[in-house]
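**Q** Make the full structure from the sequences, and use the hints.
2 protein chains.
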Amino acid sequence: MPYAARPNSKKERRQENEKLILAAAEKVFAEAGFGGATMQLIADVAGLPKANLHYYFPTKEALYRQVVQNIFQIWLQAADVFDAADGPEEGIGAYIDAKMEISRHHPAGSKVWASEVMHRAPVIQDYLETTLAEWTQGRIAVIERWIEEGRMDAIDPRHLLYMLWATTQHYADFGHQIDTLNNGMPLSDAQWEEAKTSVKQIILRGIGATG
Amino acid sequence: MPYAARPNSKKERRQENEKLILAAAEKVFAEAGFGGATMQLIADVAGLPKANLHYYFPTKEALYRQVVQNIFQIWLQAADVFDAADGPEEGIGAYIDAKMEISRHHPAGSKVWASEVMHRAPVIQDYLETTLAEWTQGRIAVIERWIEEGRMDAIDPRHLLYMLWATTQHYADFGHQIDTLNNGMPLSDAQWEEAKTSVKQIILRGIGATG
DNA sequence: CCACAACCTGACCAATCGGTCAAGAAAATT
DNA sequence: AATTTTCTTGACCGATTGGTCAGGTTGTGG
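Protein chains in written order, with full-length UniProt numbering: chain P, 1 to 211; chain X, 1 to 211.
No lab work stands behind these hints: they were computed from the structure. Incorrect hints may appear among the rest.
Since the list can't tell identical chains apart, any single copy or any two copies may satisfy a pair.
Each computed SDA-like pair below joins lysine to any residue, with the alpha-carbon atoms no more than 20 Å apart [stated by the list, open to error]:
1. LYS60 / GLY35
2. LYS196 / LEU164
3. LYS196 / ALA154
4. LYS196 / ASP179
5. LYS27 / VAL117
**A** Here it is as structure tokens:
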């Protein structure tokens with residue numbers, strides 16, 4: 001027992017390895033898609049033998065499913081700021097900020113999600129029909145209340161939500177295109193702030209929610 | 001010669017088969033991604049033996065490249081309305097309409113493009129760096145002129161373009177999600193009109209371009 | 001210290017992949 | 001009608017895939 005705090009207990013290792021595999025899988029799935037990703041490559045990225053992956057996750061699909069589920073949780077969590085606000089300018093503004101931060105620091109997850117939906121959600125269709133549908137209904141109700149209270153224009157809430165999702169996720173999903181059009185450079189801190197400001201400016205003004 | 005007009009001349013058949021293969025390939029690549037698509041499945045969808053595909057397109061990558069190039073042409077063509085207009089309300093409005101129509105009637109192409117860019121554009125990176133970069137520069141110049149003439153607010157043209165792309169393409173790339181949230185039904189004609197109206201309303205008002 | 005359970009992994013497998021090829025069918029050219 | 005060129009296709013190939021498994025290693029509870 002050479003080290004005072006050894007991270008080698010059975011449960012710790014299990015957690016550690018699962019996290020390692022999931023991180024590697026997210027990256028590889030994002031870069032190659034489900035069909036293009038190979039268990040061998042995920043194993044290499046994780047630094048583990050391929051057979052070990054199948055010990056923790058029985059099939060490629062099970063591993064993929066876990067990756068998508070984790071992303072889904074992050075997405076839902078980001079929406080808390082929406083409800084905490086008492087008006088559209090604050091609520092939608094904070095939601096845009098939160099989703100832009102996710103696009104910046106978790107782009108692989110966003111890509112996996114996009115890929116899954118583009119392929120008709122073969123793995124998480126049930127989530128779309130239940131959790132996401134319920135979440136959307138709740139947010140629609142909030143927006144409709146804001147409209148009734150005269151705090152923003154009468155906009156179809158669904159299409160507003162789609163625009164919020166599309167615009168913020170675009171900075172992750174199409175980040176490579178954006179970087180290429182930025183002379184091959186990733187966006188700087190200042191450019192990310194410009195992006196957030198521009199998005200908020202257009203949308204908040206566009207729905208008549210600026211003070 | 002039982003039929004008066006036989007479509008069986010050599011050149012006609014070649015064109016016909018190439019079109020058949022490209023259409024099948026676009027559909028399959030959109031549904032399964034490049035890595036998930038198989039030449040066998042494309043052949044089945046096209047109704048041709050697999051070996052015949054390799055007669056017209058030497059490799060899977062060559063076929064994929066042709067699919068992406070065709071989509072790229074449609075994209076560029078849709079931007080003509082942008083220049084034909086003499087103001088932001090007309091120009092950007094028409095551009096939104098055109099791109100929404102493409103999302104509606106050519107969703108598979110949009111998905112293939114999105115997938116290609118998400119995977120860091122391994123096949124069409126040169127197009128991003130040349131044609132798309134030049135096109136973007138030209139449109140930025142137009143928008144900057146509109147701003148100088150006081151016909152719209154001072155918005156960063158790049159982020160405005162990204163928002164236009166993101167929002168319009170979302171209706172193709174995430175069409176399955178939108179349909180699911182629409183009680184599993186595809187958007188009706190009226191709903192598509194609502195979508196176009198909402199997008200134009202928010203963005204045109206958001207950039208201060210409404211008359 | 002022992003025995004059991006959990007963990008690890010190199011070697012292996014059937015299935016499927018993209019791609020090839022030779023030989024025949026069909027159209028164009030002479 | 002003969003010949004050449006283009007087209008078509010079933011059979012086949014090496015490589016790679018997701019997944020399996022037997023046997024060894026390691027931590028753990030008694």
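**Q** All hints are to be evaluated individually against the structure, with a verdict given for each.
**A** Going through the hints against the structure:
1. LYS60 / GLY35: For LYS60 and GLY35, the Cα distance is within 20 Å both inside one copy (10 Å) and across copies (15 Å).
2. LYS196 / LEU164: Answer is both: 12 Å inside a copy and 15 Å across each meet the 20 Å cutoff.
3. LYS196 / ALA154: between (24 Å within a copy, 15 Å between copies)
4. LYS196 / ASP179: within (16 Å within a copy, 28 Å between copies)
5. LYS27 / VAL117: both (17 Å within a copy, 15 Å between copies)
The structure fails none of the hints (numbered hints given earlier).
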